[in-house]
Amino acid sequence: MFEPFKVEALSTFASDIDGVIILVTILVGFWFFVAQAALIGFCIHFRHRDGHKAQYIAGDKKSETRWITIPLALIVTCDVFIAMADGPVWKKVKEHRPEPDRIVRVIAQQWAWTFVHPGQDEKLGTPDDITTTGDLHVEVNKVYHFELSSRDVLHSFSVPVFRLKQDAIPGRTIVGWFEATGTGTYDIQCTEICGIGHGLMPARIQIETPEQHAAWVSERSQTLLASTTSLRAGQE
Amino acid sequence: MAESAPATHDDHHEPSGLIKYIWSTDHKIIGMQYLFTGMFMALVGGFFAYAFRMQLAFPGVDIPGWGTMTPPDYNALVTNHGTIMIFWVAMPVLIAAFGNFLIPLMIGCDDMVFPRLNRLSYQVFLLSTIILLASFFVPGGAFGGAWTAYPPLSAQSTYNLTPWGAPLWLLAVALEFAAFLMGGINFITTTMNSRAPGMKMHDIPLVVWMIVLASIIFMLSVGPLFAGAIMLFFDQVLGTGFFDPNRGGDPVLWQHMFWFFGHPEVYVVLLPAMGIVAEIITVFARKKFFAYTPVLYTTFAAGVASFTVWAHHQFIAGIDPRMAHIFTVTTLLISVPIAVIVFCSIATLYGGSIRFKTPMLWALSFIFEFLLGGVTGIYLGAAGADVYFHDSYFVLAHFHYTFFPIAIIGTFAAITYWFPKMFGRHMNETLGKIHFVGTIIPFNLIFIPLFILGLAGQHRRIYSFSLFPDLAKPEFQDLRVFATVSLLVMLAFQFVFLFNFFSSMIKGRKAEKNPYDANTLEWTTESPPPHGNWSELPSVYRGPYEYSVPGRADDFWPQNEPS
Amino acid sequence: MRPVANTRSATGIPTARLAVWWLIASEIVIFGGLLASYIMHRLAHDAWSQQAAYTNTWIGAFNTLVLLSSSLSAVLGHKAADEGNGQKAAKMLYFTMLGGVTFLVVKAFEWTSEIQHGFTITSNTFWSFYYSAAGLHAMHVLAGVIVMGIVAATAKKNEELHRVELIGLYWHFVDVVWIFLFPLLYIAK
Chain Y
2 MFEPFKVEAL
12 STFASDIDGV
22 IILVTILVGF
32 WFFVAQAALI
42 GFCIHFRHRD
52 GHKAQYIAGD
62 KKSETRWITI
72 PLALIVTCDV
82 FIAMADGPVW
92 KKVKEHRPEP
102 DRIVRVIAQQ
112 WAWTFVHPGQ
122 DEKLGTPDDI
132 TTTGDLHVEV
142 NKVYHFELSS
152 RDVLHSFSVP
162 VFRLKQDAIP
172 GRTIVGWFEA
182 TGTGTYDIQC
192 TEICGIGHGL
202 MPARIQIETP
212 EQHAAWVSER
222 SQTLLASTTS
232 LRAGQE
Chain L
17 MAESAPATHD
27 DHHEPSGLIK
37 YIWSTDHKII
47 GMQYLFTGMF
57 MALVGGFFAY
67 AFRMQLAFPG
77 VDIPGWGTMT
87 PPDYNALVTN
97 HGTIMIFWVA
107 MPVLIAAFGN
117 FLIPLMIGCD
127 DMVFPRLNRL
137 SYQVFLLSTI
147 ILLASFFVPG
157 GAFGGAWTAY
167 PPLSAQSTYN
177 LTPWGAPLWL
187 LAVALEFAAF
197 LMGGINFITT
207 TMNSRAPGMK
217 MHDIPLVVWM
227 IVLASIIFML
237 SVGPLFAGAI
247 MLFFDQVLGT
257 GFFDPNRGGD
267 PVLWQHMFWF
277 FGHPEVYVVL
287 LPAMGIVAEI
297 ITVFARKKFF
307 AYTPVLYTTF
317 AAGVASFTVW
327 AHHQFIAGID
337 PRMAHIFTVT
347 TLLISVPIAV
357 IVFCSIATLY
367 GGSIRFKTPM
377 LWALSFIFEF
387 LLGGVTGIYL
397 GAAGADVYFH
407 DSYFVLAHFH
417 YTFFPIAIIG
427 TFAAITYWFP
437 KMFGRHMNET
447 LGKIHFVGTI
457 IPFNLIFIPL
467 FILGLAGQHR
477 RIYSFSLFPD
487 LAKPEFQDLR
497 VFATVSLLVM
507 LAFQFVFLFN
517 FFSSMIKGRK
527 AEKNPYDANT
537 LEWTTESPPP
547 HGNWSELPSV
557 YRGPYEYSVP
567 GRADDFWPQN
577 EPS
Chain D
-3 MRPVANTRSA
7 TGIPTARLAV
17 WWLIASEIVI
27 FGGLLASYIM
37 HRLAHDAWSQ
47 QAAYTNTWIG
57 AFNTLVLLSS
67 SLSAVLGHKA
77 ADEGNGQKAA
87 KMLYFTMLGG
97 VTFLVVKAFE
107 WTSEIQHGFT
117 ITSNTFWSFY
127 YSAAGLHAMH
137 VLAGVIVMGI
147 VAATAKKNEE
157 LHRVELIGLY
167 WHFVDVVWIF
177 LFPLLYIAK
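If you read the protein sequences in the order shown, they are chains Y, L and D.
For what it's worth, the numbering used here labels the leading residue of the first sequence as 2, then goes sequentially.
For what it's worth, the numbering used here labels the leading residue of the second sequence as 17, then goes sequentially.
For what it's worth, the numbering used here labels the leading residue of the third sequence as -3, then goes sequentially.
Okay, chain Y solo, but in the shape it has when bound (with noise of 0.2 Å):
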């Protein structure tokens, strides 16, 4: 039934913020249905009943008020174990970027995405780059730096597949990675409301063996060659 609902987890830390997300759904689902357990068995139990009065119970005694700094110790303890799980992983993701094998560029703009790759050279800012428009190629198992940047008002890159996020700010570059884990084609979304075309906005990432992204790159710079060849030879 939840199948067609299920997020692939493509990245090299997709399965570790799912790991956290699987945590907390343990520790704080338990005490969840403890909570809850207790509130529909306290009506059930103590409903009025004639000729049954309320007890009175103020609650400042010790033996009446453990039962609820136990518990409370105990989702303390909870908490803990929680935000010992959570801060490696966000380590992991925002804060220690492993050394890239490539680097690419994303620009948000009101209402599209740009992307540059660097071209054959590996490199990006030289003339061979490859820009595309609502397309990002990636290679799988590379780790990829991104230059985040946005032209005009906010805007959030976000790749659910990768489980990354990250928002871009005008004025600034923010630096993000990922390594992508298995191959084919996903949503890009922006997730951070940027005017009327917030909805109209969106773009794909191709993940890509090697051969295909070889292929793909050397494509695109005979076009960019054929196209700056002719664009020259239109000028002489």
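Keep in mind the hints are simulated off the structure, nothing from the lab.
One or more hints might be untrue.
Residues from chain D shown here face chain L by an in silico Cβ test under 10 Å; the list is partial [stated by the list, open to error]:
1) Ala1
2) Ala21
3) Ser22
4) Val101
5) Lys103
6) Trp123
7) Leu132
List of simulated lysine-lysine pairs, DSS-like, C-alpha gap at most 30 Å [to be verified]:
8) Y:Lys54 <-> L:Lys449
9) Y:Lys7 <-> L:Lys489
10) L:Lys216 <-> Y:Lys54
11) L:Lys373 <-> Y:Lys54
12) L:Lys529 <-> Y:Lys54
Quick reminder that beta carbons are idealized off the backbone N, C-alpha and C, glycines included.
Got chain Y; can you put chains L and D on it based on the hints?
Relative to chain Y, chains L and D alone:
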């Protein structure tokens, strides 16, 4: 040592009719004005929800009552739905309406300490309401940059394309803040100084404490945002660059100002709702509130702690990633005081003699539903998990599971409970229960599908998912339709409430002074209370929750009854 | 038609004084937010000191002196009101109002000159903060002067003398805000 009402009340000529209603300084009438304005705005906000949910379920359809929806329409509707439900429904109803109505009645005095300031507060609030509604009819339409109004989108009309809507929205919100600051000063000083003789700190009913604490939290958190609103307003209309990165400004600054207020604001509306629940469960379980004093101090702690968690709204907003660890810890810790209050509410039921009248059903369902809202917050507090959930439908479902219990369930609990005191008549119990079932079940059926969609990566504030292949699958659309249909059912059942509310006001069964055998002072005067509240102001001899005291024939012991 | 509620005092502090303290508390966070934003921006932009160099420290210092002296007469007014001398209290409040008006007039000349030199609210974010913070403060001075006029008029008839103290409290607050604004906007260059 009861004081008698001053002679001025007798020779004070009561103007009649509408003038009396509009120009009254009586706290009860000002409370009603807030209540009715809030209920009207709830209808507006509900209509907006209906319109944009229809668009999501049936994209491009001609929506009855609205027409075809465009992306600017959609953004304006979601923005103002959020703004209205928080600032024009939750706050005016829970704090202003019930605060005004209940505080003088529950602490045993004849009015607020500054009645004319109180009236001014409502008038400024009304003005803000009119401005907000007017923003839908200006060139460019209403503001559509989300209720958080992040600049640069909100600051420059070249980006948001609402040159009039955005400043009017901001002006309305700022005036609303000013109205609540005035009201808050009244609530705080009245409770501090004007309690009935004999009423000590620990004899104050919890709902009064909660409204006062909420007013203090509001007052201390809204300042920076008020300053931010001035700066943003200047950016919008004068062309300054406070939040413009191209001119030395910083857009993230607004986010800090907004959430420094925005998170405490959750507690500003949560606390009164929890206070209402506390009053109702003690009366209908015939129980003393479990651990009154610790709960009170825990609430202080929660109020202080609420000022330390704001940046968990900004984990991925470009703040220094190392800060996230601190805010994860503070956010997890604030679950503790809230858990205390919820657990003590549940513990109050232990050993009770529970009567399931309509107000009690609402109060119990508040705890039931709020628990789910509370635990789903832990996911978002953990920075790692938040990377995935931020700005998804999971967040949306989470805060609706907190705000719906607060603003809607809490309000219905309060209205059904205090209706006899407000209007001197009883509401119909059968219709009340039909309305309860017809609201609670569809509510869960709306938002549980949205949790699933959020887990599946569906992001917020999107006009149409047709451009996102991963989200445009038919199974996803089925859930959206299911949620929308549930909403339609829920909205339809609200007519049952409106009918019950207005017909009971006119021809409901007459209410006696104290229909629930409750202890608190508002039940010791006539229903509805006269101008001046009591012919002889009461004195207080004990705490508010002395129910089922051993050795007494009655299972209640009013606060004003000499021992 | 003052309600009984207004005549009670469970804390022992007069209700009106409590209210003024809460008003001041809510104002502190408003100015606090504005000044904290300014300080954060200022620390991030060294270049602002060149803009700040154009502000006139001597005019700022003169206005500081004027405000401080006007607070003194507010204190003397309070003392007179405590002694039940409404006439004298009103006179002292008139001196304070004179100080407030002087402050505003000097400010008006100062701003006119700055605007004529091209430093408007939109020229630079330093100037945006300069006009916003000082402008918000000036609005408070203006409001204080107006309310003080009303208080003085009733005090003169020996009525509502407790209000002299309340408006004084507010005036001291306005004064303290300026004590923060003056070094931040004028002295730090």
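Going through the hints against the structure:
| no. | hint | in the structure |
| --- | --- | --- |
| 1 | Ala1 | holds (4 Å) |
| 2 | Ala21 | holds (7 Å) |
| 3 | Ser22 | holds (5 Å) |
| 4 | Val101 | violated (24 Å) |
| 5 | Lys103 | violated (18 Å) |
| 6 | Trp123 | holds (9 Å) |
| 7 | Leu132 | holds (7 Å) |
| 8 | Y:Lys54 <-> L:Lys449 | holds (25 Å) |
| 9 | Y:Lys7 <-> L:Lys489 | holds (12 Å) |
| 10 | L:Lys216 <-> Y:Lys54 | holds (28 Å) |
| 11 | L:Lys373 <-> Y:Lys54 | holds (18 Å) |
| 12 | L:Lys529 <-> Y:Lys54 | holds (23 Å) |
The earlier numbered hints that this structure contradicts are 4, 5.
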